[in-house]
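Asker: Letter by letter, the chains look like this.
Number of protein chains: 2
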Amino acid sequence: MQRKVTSSRLRGGNRAMAAPVIEKISEFTVRRLSTYYRILLDLEQKAATTISSARLAELCGVTSAQVRKDLSYFGNFGTRGLGYQVDELKGAIENILGLNKRWTMALFGAGSLGHALFFHQGFREDGFFFTHVFDTDGSKIGHKWEDVEIRPFGEAKAVLKADPVDIGVIATPVQSAQDVANLLVERGVHGILNFAPRQLVVPKEARLRNVNLAVALESLSFFLSR
Amino acid sequence: MQRKVTSSRLRGGNRAMAAPVIEKISEFTVRRLSTYYRILLDLEQKAATTISSARLAELCGVTSAQVRKDLSYFGNFGTRGLGYQVDELKGAIENILGLNKRWTMALFGAGSLGHALFFHQGFREDGFFFTHVFDTDGSKIGHKWEDVEIRPFGEAKAVLKADPVDIGVIATPVQSAQDVANLLVERGVHGILNFAPRQLVVPKEARLRNVNLAVALESLSFFLSR
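If you read the sequences in order, they're chains C and Y. Residue numbers 1 to 226, in the working numbering, belong to the letters of the first sequence in order. Residue numbers 1 to 226, in the working numbering, belong to the letters of the second sequence in order.
The shape of chain C in the complex, shown without the other chains (with noise of 0.2 Å):
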């Protein structure tokens, strides 16, 4: 019972997981914990208590050698012969990921995506809030999405600095999408998620993720091809 986990190691104690070489972990790594974690989820919620590395990896659409090694940038999980325990390693990823944290949000750009953002149930449940809302159609600034009002872009800079965000989200159209990024490092804002279909250009300092919406598609017609 030597390599059993328990809820202490899990729970972010021990030092395996406190300092994991974060540069060597790929975009795809995270994406797949991301994965992992809905699936726990949904086990979860169907009161599974255990499950093993194999059945895991076949619920993901990975193999069981690759669930082992993401998770072994973390620490030392599950029990050999009996699996993970689904709680411990949800919980595990949950604050490998960091929703076990508040997040606060500044959307730029309210128009059907920005508003469609806005109002997803998955980003509150995930600890990931909207705190403000920049636009530059007049016709739209003073107008309230829940108690948020909408601003005019102008304004942003001001309103950032008496109130920082963590995140910058980014539904402009594309000819506005470098102009919001560059106002959110110079801000200090240091994660940046871009669904305008452009490359940015922000410093090192900065985490910018691109939201290709077509991507899924392109999955879809990958296997609908052959």
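Identical copies go unnamed one by one, so any copy, or any two together, can satisfy a pair.
With a straight-line Cα cutoff of 35 Å, these simulated DSBU-like cross-link-like pairs (lysine-lysine) come out: (1) 204 with 140; (2) 204 with 69; (3) 24 with 90; (4) 157 with 46; (5) 101 with 90; (6) 101 with 24; (7) 69 with 90.
Calculated directly from the structure, the hints in this document are not laboratory data.
Assemble chain Y onto chain C, guided by the hints.
Answerer: This is chain Y only, laid out in the frame that chain C set:
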């Protein structure tokens, strides 16, 4: 020069590319192909003609062994010591992902997310076109988005029989998502893209992709937590 890639091999003429063991290829491999494709598009616009696997890997945030492994499913790409021809590799991945075809889609849900998806420029550039939109909201039915009329959900079965689509996109509230999926399966639509945050049940012959908008945020919170 034995390993030099000729255009005809890349364009789909070789046996290796025609018959990969498709079931062995994970969604993550396909997603990486999408990433390589965008980087190659970007390089092409910058007038780059060749790229090493090391540099391509770096731009995509993976190892060069991973790049070579992903491509090896589909053929023999690149020239030892010279790397890949940007235009040829881009063309090859375009074929692999099925982006050289025109794909038709039916949209379910004409809310703000549906609106954002319908008008998303990136889909059209990739060859994905919405030909039908359905909703249950009487105030939306009869309105037109470009030349597509929003029609009642109750008509979807008949409409899709008369004018089938390749892909169904679910942008409805959670509680309607499974009904839409059932209808799509019944109509023989084998590609389903689901934006509703719910695990849907579909038979094996259907390809279901869930788009979880929170996944990109989780990648940011992971890195911002360090």
